[in-house]
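Undergrad: Residue-level listing of the chains:
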Amino acid sequence: MALDEGLKSELQKQGIFVLPFEQIYNWGRKSSIWPLQFGLACCAIEMIASAASRYDLARFGAEVFRATPRQADLMIVAGTVTKKMAPQVVRLYNQMPEPKYCIAMGACAISGGPFKDGYNVLKGIDRYIPVDVHIPGCPPRPEALIHAIMTLQRKIANQHLDKENRPRWYNQQSETEFPIPSYGEHDLLPPVNPKVWHPPRNYRDVTLDEVRKT
Amino acid sequence: MEGIEKIKEVAALAVPGAQIEIVNSTPAAQQPALLVNREHVHAVAKFFKEDPRFQMDFCSCVTGVDYLPKADKPGFIEVVYHLYSVAQRQGPIVLKVRAPRELDSCRVPSLTPLWRGCEFQEREAYDLYGVKFDGHPDLRRILMWDEFTDHPMRKDYAPPADYEWEPTPHDDTLQRSAQAGGIVPPTAIQELEKARKK
Numbered sequence: 001m002a003l004d005e006g007l008k009s010e011l012q013k014q015g016i017f018v019l020p021f022e023q024i025y026n027w028g029r030k031s032s033i034w035p036l037q038f039g040l041a042c043c044a045i046e047m048i049a050s051a052a053s054r055y056d057l058a059r060f061g062a063e064v065f066r067a068t069p070r071q072a073d074l075m076i077v078a079g080t081v082t083k084k085m086a087p088q089v090v091r092l093y094n095q096m097p098e099p100k101y102c103i104a105m106g107a108c109a110i111s112g113g114p115f116k117d118g119y120n121v122l123k124g125i126d127r128y129i130p131v132d133v134h135i136p137g138c139p140p141r142p143e144a145l146i147h148a149i150m151t152l153q154r155k156i157a158n159q160h161l162d163k164e165n166r167p168r169w170y171n172q173q174s175e176t177e178f179p180i181p182s183y184g185e186h187d188l189l190p191p192v193n194p195k196v197w198h199p200p201r202n203y204r205d206v207t208l209d210e211v212r213k214t
Numbered sequence: 001m002e003g004i005e006k007i008k009e010v011a012a013l014a015v016p017g018a019q020i021e022i023v024n025s026t027p028a029a030q031q032p033a034l035l036v037n038r039e040h041v042h043a044v045a046k047f048f049k050e051d052p053r054f055q056m057d058f059c060s061c062v063t064g065v066d067y068l069p070k071a072d073k074p075g076f077i078e079v080v081y082h083l084y085s086v087a088q089r090q091g092p093i094v095l096k097v098r099a100p101r102e103l104d105s106c107r108v109p110s111l112t113p114l115w116r117g118c119e120f121q122e123r124e125a126y127d128l129y130g131v132k133f134d135g136h137p138d139l140r141r142i143l144m145w146d147e148f149t150d151h152p153m154r155k156d157y158a159p160p161a162d163y164e165w166e167p168t169p170h171d172d173t174l175q176r177s178a179q180a181g182g183i184v185p186p187t188a189i190q191e192l193e194k195a196r197k198k
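Each protein sequence line maps, in turn, to chains A and E. Mapping of the first sequence onto the numbering used here: residues 1 to 214, in sequence order. Mapping of the second sequence onto the numbering used here: residues 1 to 198, in sequence order.
Worth double-checking, as some hints may not be accurate.
Unchecked claim - Beta-carbon label-pair distances, calculated as ranges:
#1 Phe-76(E) x Val-64(A): 37 to 45 Å
#2 Gly-75(E) x Ile-180(A): 50 to 58 Å
#3 Pro-136(A) x Gly-75(E): 48 to 56 Å
#4 Gln-71(A) x Gly-117(E): 35 to 43 Å
#5 Gly-75(E) x Ala-58(A): 55 to 63 Å
#6 Gly-75(E) x Lys-155(A): 48 to 56 Å
#7 Asn-120(A) x Asp-104(E): 34 to 42 Å
None of these hints come from the bench; they were simulated from the model. Even for Gly, the Cβ is constructed at its ideal location relative to N, Cα and C.
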C-alpha cells in the first residue's frame, strides 16, 4: 500500500475512506454470504438454531438462506452424506454460481463420523468437492458454526482478485465443475475425486507397508 | 389371547398341511414365535388376520435375520413378522419363515396382499438381505440405489475397500486399512504392533 498512513487518517476524519478496490470488494462479499438452505441430518437442526434469533447469524450477514443453489454462494453440508445422496450434493454445488464456498459441518460431513464404517456413508464430502472450512463436533454448537462463518469471512477478506489465491471464478484455468459420481454396483464411481482429495501425507503419516519394511 | 401352544393348535387345525413349529430365541424370549413352512405361511397369516378370535389387522414389523451356515447345518435367512390386533388390543403373534441363503432360491411369499403396511418393510428386507417376496406388487430396492448389487446386512457382505486414510483406526478397521495399504497416524501403528506382539 503506497498511501501514506497519516494522509489516510486525515482523510478519514473528513469522512473520506481510501482503500484498495480489492479490500472494499471483499468486504462486500464477506458481509453478505447467502447460504444454501440445505440440511442432511441432525447438524441441520443446529444450523437452524444458528440462524434463529438466539444465535442470530444475521449479525454476520449470513442469514439469507436460499432454497435454490442458483441464488446461494455458500453450501453448509450439515449432516451425514450417504452414498445415495452424494451425487445430489455435488450436483447442487455445481449449480451454485461462482464465487462459491463450502463449509463441512460436523463429524459426518468431514469424515463420515460415527457412521464411517457403514456401507452407505460417504467418508467426508471433501472427497468430491473442495471444502473451505471443516467444523468438528457431533453436532457442532451454533457458536462453532458462527466461528466457521467468521473463519470463512477472514478467508474471503484475504483473497486477491488477481494473485495466486484468487477465487476459482477469477482463475480462468481452474475447474468450476466437479464430476458427479455415478452409482456403481458396489460403491460410488469414482469413490473419490483425486483432483480434490488425496490421503493426507505429511511427516507424521506413514503407510503400514513402510513400517513393515523398516 | 391363549398361550402359544393353543394358538399353534388352532392354526394347524385351520390350515391343513401347514408345518408349524414353536421356536424360541436363546435366551428364551417373552414371545415365542411360530415357524411356518414357506408354502403355507400366507394361508396361516390369512387365518390370523380373518379369524374372529385373533383379528390380526396390523403387521407392525418385518425383519430379516441372517444365520450363517454352521458345521452341521446349512445357513438360512429368516423373515420375522410381528402381528398385532388393534381391534382386540392383543398381540403380538410372531410369525417366522425361513429361506435358503442362496440368492436364487431365497424366496418367501409376500404378505403385502394381506397387510399393505408390509410393502416398504418387505422392500427393505429385499434390499438389505436379498429375500425375494413372491407376490409383492413392487419389489425394488428402497434404501440403496437401484444399480447396487449387494445385500449389505448379510453377514458375509464385504464393504468396498476405501480405507486409504484412517485418522482414528482401531480393531477391524485398522486391520482392513493395513490390507488396503492405507495411511494411518503412527500412534495407530504402535497399537497394531502391540497387538501383533500379543
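Undergrad: I want to verify a distance hint. Is the separation of the beta carbons of Gln-71(A) and Gly-117(E) within 35 to 43 Å?
TA: 41 Å, holds
Undergrad: Would you say the C-beta atoms of Gly-75(E) and Ala-58(A) sit inside 55 to 63 Å of each other?
TA: 59 Å, holds
Undergrad: Determine whether the Cβ-Cβ distance between Phe-76(E) and Val-64(A) falls within the hinted range of 37 to 45 Å.
TA: 57 Å, violated
Undergrad: Taking the CB of Gly-75(E) and the CB of Lys-155(A), does the distance hold inside 48 to 56 Å?
TA: Holds - the Cβ-Cβ distance for Gly-75(E) and Lys-155(A), about 55 Å, lies within 48 to 56 Å.
Undergrad: Indicate whether the distance between the beta carbons of Gly-75(E) and Ile-180(A) respects the range 50 to 58 Å.
TA: 39 Å, violated
Undergrad: Okay, Asn-120(A) versus Asp-104(E) on CB: inside 34 to 42 Å?
TA: Given a distance of about 25 Å, which is not inside 34 to 42 Å, the answer is violated.
Undergrad: Just tell me: holds or violated, for the beta carbon distance of Pro-136(A) and Gly-75(E) against 48 to 56 Å?
TA: Given a distance of about 42 Å, which is not inside 48 to 56 Å, the answer is violated.
Checked against the numbered hints above, the structure breaks hints 1, 2, 3 and 7 and satisfies the rest.
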